[in-house]
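Trainee: The lines below spell out each chain.
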Amino acid sequence: GAGVSQSPSNKVTEKGKDVELRCDPISGHTALYWYRQSLGQGLEFLIYFQGNSAPDKSGLPSDRFSAERTGGSVSTLTIQRTQQEDSAVYLCASSPYRGPEAFFGQGTRLTVV
Amino acid sequence: QQPVQSPQAVILREGEDAVINCSSSKALYSVHWYRQKHGEAPVFLMILLKGGEQKGHDKISASFNEKKQQSSLYLTASQLSYSGTYFCGTELPSNTGKLIFGQGTTLQVKP
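In order, the protein sequences belong to chains A and B.
Taking this note's numbering, the leading residue of the first sequence gets 5, the next gets one more, and so forth.
Taking this note's numbering, the leading residue of the second sequence gets 59, the next gets one more, and so forth.
Hints may be right or wrong, so weigh each one.
Dumping the calculated SDA-like pairs for lysine to any residue here, alpha-carbon to alpha-carbon at most 25 Å [claimed, not checked]:
1) B:K156 - A:A6
2) A:K21 - A:Q87
3) B:K168 - B:Q94
4) A:K61 - A:Y101
5) B:K117 - B:L70
6) B:K108 - A:F107
7) B:K168 - A:Q45
8) B:K126 - B:D75
9) B:K95 - A:E89
10) B:K84 - A:L64
11) A:K15 - A:V117
12) B:K95 - B:S64
13) B:K156 - A:V117
14) B:K156 - B:A135
15) B:K108 - A:H33
16) B:K95 - A:Q84
17) B:K125 - B:A85
18) B:K95 - A:R113
19) A:K15 - B:G97
20) B:K95 - A:A6
21) B:K95 - B:V68
22) B:K156 - A:S31
23) A:K61 - A:G20
24) B:K156 - A:R113
25) A:K21 - A:T34
26) B:K156 - A:T34
27) A:K15 - A:Q45
28) B:K95 - A:E105
29) B:K156 - A:G20
None of these hints come from the bench; they were simulated from the model.
Next up, chain A with everything else stripped away, as it sits in the complex:
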């Protein structure tokens, strides 16, 4: 079966515009994660969905960031009024409940100009 799919793979946007990043997890995986990786940096936790539980949004850096997961499957990360510091690779991962293995997508490279 297919792995975790993210779209678009690359996105260039103007400062102040809104962007939506999409993640299609592996079918049947109840856990879904979003991470941000700035150039040469680590994996910064953004948000975590687990089944029907309320998402853990503790990593979202500001109220410009939001995410939703519809029907326990596809997730969308929305960044409003983008800033240059939002430029990074946004990675999505999914896993069965409590893993053990999280499968990462190839990421969306976001560039804010």
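On the provided structure of chain A, position chain B as indicated by the hints.
Mentor: Positioned in the frame of chain A, the structure of chain B alone reads:
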């Protein structure tokens, strides 16, 4: 809450051994290790569970000291293919699967 990894970077010759450490300020349920090659997505290496045993992957093995809240990744007789950035991910007992990663350790293996 983010685990701390050390060293930040290491350069080896083929065949040499390396140890990467991961330390948490909180009690842990599990520790996960991932490797990311340049321009690629992170790939799962192994998981160590609280009360579980050391698990291995080829010549890569790891340990988990629950009392010290630390894990170490051992790379034996390193190969060129081991080059990349290694991340430890930690899961707290109360967090039902949420994974927080350290800042990464960059490993470069030279011929």
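Trainee: Take the hints in turn and mark each one as holding or not.
Mentor: To see whether the hints hold, each was checked on the structure:
Pair hint B:K156 plus A:A6 holds up; C-alpha atoms about 23 Å apart against a cutoff of 25 Å. With a C-alpha separation of about 9 Å, the suggested pair A:K21 and A:Q87 falls inside the 25 Å cut-off, and the hint holds. Proximity of B:K168 to B:Q94 is assessed by CA-CA distance (about 17 Å); at most 25 Å being required, the pair is judged to hold. Between A:K61 and A:Y101 the alpha-carbon distance is near 18 Å, which keeps this suggested pair within the 25 Å criterion.
At roughly 15 Å between alpha-carbon atoms, B:K117 and B:L70 fall within 25 Å of each other, so this suggested pair holds. Simply put, B:K108 and A:F107 have alpha-carbon atoms about 22 Å apart, close enough for the 25 Å limit, and the pair holds. In summary, the hint linking B:K168 to A:Q45 is supported, as the alpha carbons are separated by about 22 Å, within the 25 Å threshold. Restraint check for B:K126 and B:D75: satisfied, since their Cα atoms lie roughly 23 Å apart, inside the 25 Å limit.
Under the criterion of a C-alpha separation no larger than 25 Å, the hint pairing B:K95 with A:E89 is consistent with the structure, at around 24 Å. Restraint check for B:K84 and A:L64: satisfied, since their Cα atoms lie roughly 21 Å apart, inside the 25 Å limit. Among the hinted pairs, A:K15 with A:V117 is consistent with the structure: their alpha-carbon atoms are about 11 Å apart, no more than 25 Å. Using a Cα cut-off of 25 Å, the hinted pair B:K95 and B:S64 holds, with the two alpha carbons roughly 18 Å apart.
For the suggested pair B:K156 and A:V117, the alpha carbons sit about 32 Å apart, so the restraint of at most 25 Å is broken. The suggested pairing of B:K156 with B:A135 is violated, with an alpha-carbon distance near 33 Å, which exceeds 25 Å. Taken as a hint, the B:K108 and A:H33 pair is honoured in the structure, with Cα atoms around 23 Å apart against an allowance of 25 Å. For the hint linking B:K95 to A:Q84, the alpha-carbon distance of about 31 Å lies beyond 25 Å, and the restraint is violated.
With a C-alpha separation of about 8 Å, the suggested pair B:K125 and B:A85 falls inside the 25 Å cut-off, and the hint holds. Between B:K95 and A:R113 the CA atoms are separated by roughly 16 Å; this keeps the pair inside 25 Å, and the hint holds. The hinted pair formed by A:K15 and B:G97 meets the criterion: a straight-line CA distance of about 16 Å does not exceed 25 Å. As the CA atoms of B:K95 and A:A6 are separated by approximately 21 Å, the hinted pair is consistent with the 25 Å bound.
Between B:K95 and B:V68 the CA atoms are separated by roughly 15 Å; this keeps the pair inside 25 Å, and the hint holds. The suggested pairing of B:K156 with A:S31 holds, with an alpha-carbon distance near 19 Å, which does not exceed 25 Å. Note on A:K61 and A:G20: the hinted pairing holds, with a Cα-Cα distance of about 23 Å set against a maximum of 25 Å. Proximity of B:K156 to A:R113 is assessed by CA-CA distance (about 23 Å); at most 25 Å being required, the pair is judged to hold.
For a cut-off of 25 Å, the pair hint linking A:K21 to A:T34 is broken: about 31 Å separates their Cα positions. Under the criterion of a C-alpha separation no larger than 25 Å, the hint pairing B:K156 with A:T34 is consistent with the structure, at around 12 Å. In summary, the hint linking A:K15 to A:Q45 is supported, as the alpha carbons are separated by about 19 Å, within the 25 Å threshold. Under the criterion of a C-alpha separation no larger than 25 Å, the hint pairing B:K95 with A:E105 is consistent with the structure, at around 17 Å.
Taking the CA atoms of B:K156 and A:G20, the gap is about 31 Å. The hint is violated against a cut of 25 Å.
This entry does not satisfy hints 13, 14, 16, 25 and 29, going by the numbered hints stated previously.
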